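Residue 199 in numbering that gives the first Met the number 0 sits at position 200 of the sequence shown, and the numbers go up by one each step.
Since the hints were made in silico from the structure, they are not lab data. Everything hinted at is true.
Distance condition first, Cα-Cα at most 25 Å in a straight line; then the derived SDA-like pairs of lysine to any residue:
#  : residue 1 : residue 2
1  : K245      : D129
2  : K1        : I298
3  : K309      : A4
4  : K7        : M187
5  : K7        : T60
6  : K245      : R306
7  : K313      : R243
8  : K309      : M6
9  : K245      : A66
10 : K245      : L79
11 : K7        : L41
12 : K7        : F199
13 : K1        : A194
14 : K309      : I242
15 : K309      : T5
16 : K245      : V233
17 : K7        : V233
18 : K7        : D129
19 : K313      : S240
20 : K313      : L238
21 : K245      : L229
22 : K1        : V24
23 : K309      : D129
24 : K7        : A194
25 : K309      : R244
26 : K1        : N191
27 : K1        : L193
28 : K8        : L295
29 : K8        : P246
30 : K245      : A67
31 : K7        : N130
32 : K7        : S190
33 : K245      : A82
Bear in mind that the values here come from a model prediction, so they are computed numbers and not experimental data.
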Amino acid sequence: MKICATMKKFPGGMMVIPLLIGCLVNTFIPQVLEIGGFTTGLFKTGTSTLVGLFILCSGATINFKQAALPLYKGAVLTILKYAIGVLLGLGLNRLFGPMGILGLTPLAVITAVTNSNGAIYTALAKEFGDNTDVGAIAILSLNDGPFLTMIALGTTGLAEIPILSLVAAIVPLIIGMILGNLDEDFKMLLSNGLAMLLPFNGFVLGANTSLFTIAKAGAGGIVLGLITVLFTGVLTYYLYSLIRRKPDPMGMAIGTTGGNAVAVPASVAMADPSLEPVVGVATAQVAGAVVITAILTPILTGFFARRAAKRQQKN
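The task is simple: from the sequences and hints, build the whole structure.
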């Protein structure tokens, strides 16, 4: 059976298809993933380990002489996504207040739009970009968590920015870079591990959400997902391509909401209790956006990548 070959026919298929399978399993037979031991560790609770290992392997592919370009790309993508998310959220708050409109709150918008899924970005960078695009995750990973959201919401001293989180996000990549540059054999070993880790990353991310979560979020979660894809996917693609002076699908690849973003509304409310009334609906909406963006962004990234390739062939 050509299972692997079939999955590769879909944009980001090695990541997205296992993600959907994991989501279905967690929706209808979650007890299968909760029997403990190695099974639960690999397929349910191993997100941080698998993503960290993926970043470590990615680091081994980066040449020190080319390190400046990955950092530049990561900084540009992070600033674009963060700025767009903040502007959307603050605009919504200014017009309609903290309760938002039609159930869509500024807290949910800023959380979903400013946080990206590093695992999906890295998978897409591996498939449609180059080593410098993969290395950009070192900077992009900084938006995967509550602290940038807290800054955007202006908690004015109530939020303590976890500096160690910044360090922790970059350490695996740095270790991978060091090993890959010191030893060519290590570089080959870790580089070959990237493809193997993709489907496991996808499954474990899917196994931490469910179709019921999307239903609970209602139309708000779907709309939030579409907003994220449109403004920090499609719009960012054109802005990033303009900055790069050539079509670059990696601008589309950040049009996701990271799985860790689901916990952000509650974290922010701990720093600013006035947001407590909207935490429940914001959490459900962000969870819905996580799934919606995980499905749409790889498809659109593949579309833009193929279109760019066709234009290059014509030229």
